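Peer 1: Spelled out, the chains give:
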Amino acid sequence: MLAIVTPVSFALLGIAFLLTVVRLVRGPSLPDRILALDTLNINAIALIVVYGIQLRSTLFFEVALLIAVMGFIGTVALTKYLQRGDIIELN
Amino acid sequence: MNLNTVVEAIVCVLLLTGSLFTLIGAIGLARLPDFFMRLHGPTKSTTLGVGGVVLASVVQFTSLRELTSLHEVLIPAFLFLTAPISAHMLAKTGIQQRVSLWAPTRGRPAPGGADDAPPPAGAAERDAEEPRA
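Chains A and B, in that order, are what the protein sequence lines are.
Under the numbering used here, think of the first position of the first sequence as 1, with each following residue one higher.
Under the numbering used here, think of the first position of the second sequence as 1001, with each following residue one higher.
To be clear, the hints were calculated from the coordinates, so they are not data collected in a lab.
Keep in mind that the hints are not guaranteed to be accurate.
Claimed, not checked - Derived lysine-lysine pairs resembling PhoX-like cross-links, with alpha carbons at most 25 Å apart: (1) A:80 to B:1092; (2) A:80 to B:1044; (3) B:1092 to B:1044.
Computed from a predicted structure; not experimentally measured.
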């Protein structure tokens, strides 16, 4: 049963990935593109977790956690740059 | 019907639910007409989908290893904490950048309001590169 469901789950997540890439390419404004990049990070986390279920390996959780942290920091930095024109304002 | 079949069925249902929620969020991101509407899909549906997928993996590895493996729950916990923050910052950026709104969208940002800060350095060049409707 799991041998059928895992490829189906891969297919659904892959379609989600492609739709997000469509928005990343089309996106009329810069916040749309940042949102699409953030969604790509979250989709990548889901794909990695499903891959870990398929391989029966717990090795991929650290990878997914790192992608989550780095994606959040990247989103915050990009939005901060668009809002203020600077990321780390020292003075 | 032994225990392994039940566990496998639970894992399958959670996997399919999570993937479907992620797909629905991506469809919303691709199809909705307005930036502030498109913000809804990834921030709610996709985050819930990742939660479902990780829950499936928790059930799977708990049944495989014969001990509860809860450190995977860190991923959706972190995502549930950070998704509202990034959505808030993206919405503020959208208000400040004056993204084009769909005609029936109500609640426009007020001109000269609190969020109408003076344009940051470098905004003039960006405006010249990318004219918005």
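Peer 1: A separate judgement is required for each hint: does it hold in the structure or not?
Peer 2: Against the structure, the hints come out as follows:
1. A:80 to B:1092: Holds, at roughly 10 Å.
2. A:80 to B:1044: Distance ~22 Å between residue 80 (chain A) and residue 1044 (chain B) Cα, so the pair holds.
3. B:1092 to B:1044: 18 Å, holds
Violated hints are absent here; each numbered hint is respected by the structure.
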